[in-house]
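Q: Assemble the complex: chain A is given as a structure, and chain B must be docked to it using the hints.
As given, the protein sequences belong to chains A and B, one line each in that order. Position one of the first sequence corresponds to residue 1 (our numbering), numbered consecutively onward. Position one of the second sequence corresponds to residue 114 (our numbering), numbered consecutively onward.
If you're looking for bench data, these hints aren't it; they were derived computationally from the structure. Since we're looking at a predicted model, the values are computed, not measured. Be a bit skeptical, because a hint or two may be false.
[What the hints assert, rightly or not] As a list, the in silico EDC-like pairs of lysine to aspartate or glutamate whose alpha-carbon atoms are at most 20 angstroms apart: (1) B:K181 with A:E26; (2) B:K209 with A:E59; (3) B:K209 with B:E116.
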Amino acid sequence: SQTIHQWPATLVQPVGSPLSLECTVEGTSNPNLYWYRQAAGRGLQLLFYSVGIGQISSEVPQNLSASRPQDRQFILSSKKLLLSDSGFYLCAWSRRRVNQPQHFGDGTRLSIL
Amino acid sequence: KNEVEQSPQNLTAQEGEFITINCSYSVGISALHWLQQHPGGGIVSLFMLSSGKKKHGRLIATINIQEKHSSLHITASHPRDSAVYICAVVIQGAQKLVFGQGTRLTINP
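Chain A extracted, bound-state conformation (with noise of 0.2 angstroms):
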């Protein structure tokens, strides 16, 4: 069966220091990665999507970026955090096929101090 992780699941950061959340999915193969965001007291958003290895779709112009140096991992990083990345991120993965579902990992609630 497939399965994801995502780690940390906190994390506490001063502004203006780097960050990088992983996310890797066991079980399937070719997977569509996608890093999503909640925060406070909004709903969740796309933030960056990738159909294969060094593919990554950016939805919003922000502070931070992804890669996905491997088929099955999918990393969020930031080289200087701001107070406003505060928030949930989550991981999903999904099948290449159309229409197919999003898994979530359990996410990453992020504080900027």
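A: What follows is chain B alone, placed relative to chain A:
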């Protein structure tokens, strides 16, 4: 105006009541998801549907493509159903989800 609108935003009910959460969207879609988010934040996919009706246990999801509307029903609600329920649509021609704001459901014993 958001592409996906849910109502109500908050819903409190007594155990055993029949619950309905509504979702309207304004764009062409290829599928619609209902998701459940528990207080810890984790999200579980409940349904994905593109037409008609699906049932899983006490949960029923319906969609009317012509009216661009979907409903999630919970029969015989239970306190463990308390969560945020999120409607999300797959935009036609894209593989990404656009989310509603969510409905916070609280079931009191």
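Q: Indicate, hint by hint, whether the structure satisfies it.
A: Evaluated hints:
no.	hint	verdict
1	B:K181 with A:E26	violated, 35 angstroms
2	B:K209 with A:E59	holds, 10 angstroms
3	B:K209 with B:E116	holds, 13 angstroms
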